[in-house]
Amino acid sequence: QVQLADSGGELAQAGGSLILSCAASGTTLSRYAIAWFRQAPGKEREFVAAIGWHTTSTEYGNSVKGRFTISRDNAKNTAYLQMNSLKPEDAAVYYCTVGETRGIWDHWGQGTQVTISS
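The sequence shown stops at residue 132 when you use the working numbering, and every number in between is there.
Mixed in with the good hints there might be a few duds.
Simulated DEER-style distance windows between Cβ atoms [claimed, not checked]:
hint, residue 1, residue 2, range
1, 42, 129, 24 to 34 Å
2, 44, 96, 14 to 24 Å
3, 29, 115, 32 to 42 Å
4, 132, 45, 19 to 29 Å
With a Cα cut of at most 27 Å, we get these calculated DSS-like pairs of lysine-lysine [said to hold, decoys possible]:
hint, residue 1, residue 2
5, 90, 57
6, 90, 79
7, 101, 57
8, 79, 101
Think of the hints as simulated: they come from the structure by calculation, not from any bench.
Note that CB positions come from ideal geometry on N, CA and C, so glycine has one too.
Please take these sequences and the hints and turn them into a complete structure.
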């Protein structure tokens with residue numbers, strides 16, 4: 015059974031940085047494309063970033079482009095989201111997800127809370 019453990023969310027200052035991790039178990043992460051989504055209270059879930067099976071293939075939501083970086087370490091079965099130049103509007107619960115077909119997300123983590131102080 016595929017399980018994803020999101021971690022790394024915490025209180026951060028605006029302008030600061032955080033790195034989120036997504037550790038997979040019960041499967042080999044290299045089989046999957048990986049994405050991060052986020053959801054703030056009262057808002058719809060928003061696409062943040064995705065990475066394909068090869069690390070050169072990445073995609074970002076417009077609101078995070080140039081500030082966030084998605085990466086993966088297949089040897090560690092872990093994906094990451096490096097978040098720089100944080101803004102108050104980045105506050106949300108962040109979820110990692112994987113799919114054998116990019117864009118069809120089959121498994122989700124439990125989410126990790128990111129809070130931003132201005």
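The hints, checked one at a time:
no.	hint	result
1	42 - 129: 24 to 34 Å	33 Å, holds
2	44 - 96: 14 to 24 Å	20 Å, holds
3	29 - 115: 32 to 42 Å	37 Å, holds
4	132 - 45: 19 to 29 Å	40 Å, violated
5	90 - 57	33 Å, violated
6	90 - 79	26 Å, holds
7	101 - 57	17 Å, holds
8	79 - 101	13 Å, holds
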